[in-house]
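Chain residues, written in single-letter form:
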Amino acid sequence: MPFNLLVLSCLVYVIGLFVVAFLVERQARAGRLRWLRSPLVYTLSLSIYCTAWTFYGAVGYAARSGLEFVTIYLGPTLVFVGWWWVLRKLVRIGRQLRITSIADLISSRFGKSNLLGVIVTVMAVVAVTPYVALQLQSVVLAFGVFAELAPGEDGPFATGQTAAWVAAGLALFTILFGTRNLDAREQHHGIVAAIAVEAVVKLVALVAVGIFVVWGLAGGIGPMLERIDASVLQGWQMQPGRWTALLALSAAAVLSLPRMFQVMVVENSDERQLARASWAFPAYLFTMSLFIVPIAVLGLERMPPGSNPDMFVLTLPLSQGQGALAMLAFLGGFSSATSMVIVEAIALATMVSNHIVIPGWLRLRRPGAMSEDFRSLVLNARRISVALVMALGYGYYRISGGSSALATIGLISFVGVAQFLPAMLGGMFWRGATRVGAVAGLVTGFAIWAWALFLPSFGAGSVLPPSVLTDGPFGIGWLRPMALFGTEGMDPLVHALFWSLFLNAAGFFLGSIVTFPGPVERLQGVAFVNVFDGPVGPQRWAQGAAEPEALLIMAQRILGDEAAQALFEEAARAQGKERSFLPDPTPDFLAGLEERLSGSIGAATAHAMIAQLVGRETVSVEDLMQVARESAQILEYSARLENQQAELSRTATALREANAKLTLLSVQKDTFLSQISHELRTPMTSIRAFSEILAEGDLPPETVARSGRIIRDEAVRLTRLLDDLLDLSVLESGKVQLSVGVVNLRDLIDRAILASEQVNPEKPFVILRDSQAEDVFLRTDGDRLTQVLINLLSNARKYCEALAPELRITARVRAGRVRIDVADNGKGIPKVAQTVVFEKFSRLPGEVRASGAGLGLAICREIVTNLGGTIDYLPGQGGAAFRIVLPLRIGTGSA
Amino acid sequence: MKPPRRRAIFLAPRPYRRRRLRDAARLLPVLGVFFFVLPALWSPAGQGLRRLSEDVIYFFTVWALLIGIAAVFARGLSARDPEGDPEGDPEDEGEAEDD
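Line by line, the protein sequences are chains A and B.
Going by our numbering, the first sequence opens with residue 210, and the numbers climb by one from there.
Going by our numbering, the second sequence opens with residue 91, and the numbers climb by one from there.
Rather than coming from a laboratory, the hints here were simulated on the basis of the structure.
Among the clues, some could well be false.
As the list claims (entries may be wrong) - Here are the simulated SDA-like pairs of lysine to any residue, each with C-alpha atoms no more than 20 Å apart in a straight line:
| id | chain 1 | residue 1 | chain 2 | residue 2 |
| --- | --- | --- | --- | --- |
| 1 | A | Lys972 | A | Pro1039 |
| 2 | A | Lys944 | A | Asp990 |
| 3 | A | Lys298 | B | Leu111 |
| 4 | A | Lys878 | A | Phe1047 |
| 5 | A | Lys1040 | A | Val975 |
| 6 | A | Lys298 | A | Leu434 |
| 7 | A | Lys972 | A | Cys1009 |
| 8 | A | Lys298 | B | Gly166 |
| 9 | A | Lys878 | A | Pro1039 |
| 10 | A | Lys298 | B | Ile147 |
| 11 | A | Lys298 | B | Val120 |
| 12 | A | Lys1007 | A | Val968 |
| 13 | A | Lys298 | B | Ala114 |
| 14 | A | Lys972 | A | Ile999 |
| 15 | A | Lys878 | A | Ala1042 |
| 16 | A | Lys298 | A | Asn739 |
| 17 | A | Lys298 | B | Arg112 |
| 18 | A | Lys1036 | A | Asp990 |
| 19 | A | Lys878 | A | Glu888 |
| 20 | A | Lys1036 | A | Asn969 |
| 21 | A | Lys298 | B | Leu118 |
| 22 | A | Lys1036 | A | Cys1009 |
| 23 | A | Lys298 | B | Pro129 |
| 24 | A | Lys1036 | A | Pro973 |
Produce the entire structure from the sequences given, and follow the hints as far as they go.
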C-alpha cells in the first residue's frame, strides 16, 4: 500500500465528510431535517464515546489485561439502561434551561456563578488534553504502520510532523463546521450528520476485521473459542477492586465527558431519542466489543513478539495481505479519532468562549458600550479556543512522548472528568447543594487527580522529580502521589480515583451543609431538582431600568439581526403593542430574553449582560423580601375585601327579609283596616238602628227591653275592642303596672282552662297535662300570665278544626326559667303567617269567621315581654303550638 | 401557601402498569451491576477450573439480555398515553423539600 495513496484516501474521506456536513447544514437551514432528529442519528452520534481508544486501544487493552477492557463499555451500558434515573432528568434539564455545556450546567445550577464556569472549563480542558493527545497518537501510529511497510518512498516518516498536520487539519475542519453560526442552543446539524456517518464507518470497519479474524483466520466460532482458551490471555485474573472501580469510572465518564454531554444533552431534541438510545447505544457498544477478544488473541498468536498490540486491528490484516481490509480499518480508526476530536473541541471551545473569554471581555468593557459586532467576537473566541485545545493535545503528545498504551492515557482523562460527577448529580438531585460546596469539591478532586495521576503520567523526572514520587514532597511520606495517606497497596488508578472522588464528594457535602445559598442559587436549585414540575421561579428582573432599544441592539449582536427583531416583535405583540417593535422591558420579557441568550452564550454570561443593561447585578434578598411583603399586603387587602363582601351580603339578606315582612304587614294592615271598620261599623249600625227605634217611642216594653239589650251588647263589644287597643298601647309603651306576687303555675293553668271553656263550649276538647310538672311556684304577675294562657287556649278552641281536638300543655323548669308549651292538634299556622302572627292586627289569611280583631297574640307578646320572657311559635308539633319562656323570679323593679 | 392537591389514592390499571414499568426500568441497572460484578467472586480463571471463553460468553450473554430487556422497556416508557398521568409524577419524582 503506497503511503501517498493512504494520505490521498484520508483526504478524500475528509472531503466526503465535508460534503455531508455541508449538505446537511444547507438542508437544516431550509428546515428539512426531520430525519436528522431521528433516534437512529442520535444513537449514532452518541457513538463518539468509541474513540480511537476503542478502535485501536481496546484490542491492546485486551491483549494486556484480558477481559478488563469490557468494563469501559459496561459502565455506559448501565447508565443508558438505567436512563430513567439520571439521563432522563439530565436531558430534560438541558432542554428546559437551555444548557450549552457541562460547565454551563454546573455554573447555572449554582446561581449562574461564573467562577464555577471557569473552574469547570479549566478542569475540562486539562482533563481532556491527554484524551485528545491519545487520538493524535493513534493516528500517528496508524500512519507509522503503513509507512514501515513502504519505507523510502517519502523519506523517513516523521511522527511529530504527522501529528502536527493531523491536529491542524482537524482544527480547520472543526472551525469550519463547528463555529459557523451562533445557534440558539448550540446545535450543530452538519457535525452531527458527519459523526453519524463516521459512526457507521468505524462500526463496519471493526466488524469487518472481526469477521475476517474469526471466520477467515480462526476458522469459525468453535475453533475461535478453543484458541481463546489456549492463548496467553487465559492467565488473566480479574482484580475485583479494579474491576468495580473501572465500571463506576466509565459510568461516571459517560455522563461527564464534555463531548458526551454535547451530543447527549445539547444536541438532543426529543425524549424519545433517549428512549431508543437507551438500548440502541448499548447495542452499538456490544457490537464494537464483540470481536475485540478474538482480534487480540489472534494478534498475540500471529504477530511477532514485541509488536504494539494497540495496532493489531491494522497489522493483522496487513500481515495476511489484506490491503483493502487494512485500508478500511485505517479509515475506521481515522473516523474514531477525528469525530472525537471534532466534538470535543467544539464542546471545549463553547465552554472556553462562554465562561472565560466573554466574561473577561465584559469585565474589561465599560457597561453599555457595545460598539463591536458581538457575534464575531464570540465566534472568533471559539475559533481560537478550538485551536488552543488542539495545540494543548499536541503539546501533551510531544511531552509524554507518545509512548504509553492508549488505554492508560484514556483512563487518566476519565478520572479527571469524573470529578464533575458529585457537583453534577448533587446539583440535580439535592436542593441543599451550594456553590461553595461545589467549588470546594471540584477544586479538591481536581487537585488530587492532578497530583496522584495526571502529573505522574508525564513520567518520573519530567514534571515531578523522582524524589517526590518515592519520598513525597519535602519528604512528607503520606503525601506521596502514588500512596496518599499511606495507601501503598492500591492500584495507581484505583488509588487516584478513590481518593479524588472521596475527598471531592466530602468537600462538596461539607461545603454545602455549612454555607447558605444565595437567592439566585436557591431559585436555580428548585428549577433543576424539580425540573419535571415545569418552569418555576418568580421573575428575576425588576422592570423599568432597561432601555428596550439597548436590549435590542445587544440581542442583535448575539442572535443576529433577523432573529432578534423577530423575537422582540413577537414579544411586543404578546404585550398588545400592535405597531411597535419594542416591547416593554417587563420582568417576563427580560427572563425570556435571558433564557434565549443563554442558549448562545451560556447562562452566566447572559445573566451578566442583561444585568449590565438593566443596571443591577442580581436579585437581592431584600428584593425577594419586598416581593413577599407586597404579596402579603395584597393577600391581606383581598381578605379584607372578602370580609366586607360577606358583611354586605349578610346585610342585604337581612334587608330583603325585613322588606318582605313589611310588605306582608302592609297587606295585613289593609286587610285589618277594612276588617276593623267593619267590626266597628257593625255594632255602631245596630246601636244606631235600635236607638232610632227607641227614639220613636211608644213601643211595647219587650221590644224596648230587647233593643236596649242589643244596644248594650254591641256597646260591650265596642268597649272590648277599644279596651284591647288601649291595653296593647299601654303594654307597648312599657308603662304597665305589674302586680307581682308568688303564684303556682298549676293554679294559673286551671284558671285559664276554666275561663277559656266559655269559648265554643260545645267543642269537646281533651286536655293533656302533667300536674306534677306544673307544680311550680313563680314570682310574677299571675293575672297577666293567666291572660296570656287564656288567649292561647281560646285561640286553640276557636281555630282547631281537628275531629278529636286535643290540647297539650307541658311545663318544664330549666336553668332558672320555666317553659310552658301550649299545643293543639289542628292544622297549625301556615309558614308564611308564622313570622307575623304576633304582629298587631294580624289575622290568619283567609280567616273569615274570626271574632277577634287580631290583637290577642300581639297583646300576649307584649305581656310576656313585660314579664321578662319570650313567646314564640313552635313549629313542627303537629298543630299550632306556642312556647312561653319565663324567668322563675321576675327581676325586681323591672317593668 | 400551597393549596392541598387532591390526588386519587389508587391508580387506574393503565397508569398503574406504567408506574410499575418505571420501577422495573429503575431496577434494571441494579440487576446489571449484580451480574457484572458477580464474577469478581468467582475463583480466578485460568487455574484449570474455568476457561476464558466461558467468561467471554457469560459477559456477552448478560450484556445482550440487558439490551433486550431495555429495548422492551423503552417501548413502554416512551409511549405517551393521552389520559393524563403526566410526565412528572411528583409522587416518586420530585424531592419535595421546603427550602
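Proposed proximity, Glu888/A with Lys878/A (alpha carbon, max 20 Å): holds, 14 Å
Proposed proximity, Arg112/B with Lys298/A (alpha carbon, max 20 Å): Distance ~14 Å between Lys298/A and Arg112/B Cα, so the pair holds.
Given pair status - Ile147/B, Lys298/A, alpha carbons within 20 Å: violated, 34 Å
Pairwise hint evaluation, Ala114/B against Lys298/A, where the allowed Cα distance is 20 Å at most: holds, 17 Å
Pairwise hint evaluation, Asp990/A against Lys944/A, where the allowed Cα distance is 20 Å at most: holds, 15 Å
Proposed proximity, Asn969/A with Lys1036/A (alpha carbon, max 20 Å): Given that 20 Å is the threshold and the Cα spacing comes to 18 Å, the pair holds.
20 Å limit on alpha-carbon distance, applied to hinted pair Lys298/A and Leu434/A: At roughly 42 Å apart (the allowed maximum being 20 Å), Leu434/A and Lys298/A break the hint.
20 Å limit on alpha-carbon distance, applied to hinted pair Lys298/A and Leu118/B: The given pair, whose Cα atoms are some 17 Å apart, holds under the 20 Å limit.
Holds or violated: Lys1036/A to Cys1009/A, with C-alpha atoms at most 20 Å apart: Measuring from Cα to Cα gives roughly 7 Å; hence the hint holds.
Holds or violated: Lys972/A to Cys1009/A, with C-alpha atoms at most 20 Å apart: Holds, at about 10 Å.
20 Å Cα cutoff - pair Lys298/A, Leu111/B: Holds, at roughly 17 Å.
Agreement of Lys878/A and Ala1042/A with the hint, judged by alpha carbon distance not exceeding 20 Å: Measuring from Cα to Cα gives roughly 14 Å; hence the hint holds.
In terms of the numbered hints stated before, the structure departs from hints 1, 5, 6, 10, 18 and 23, listed from lowest to highest.
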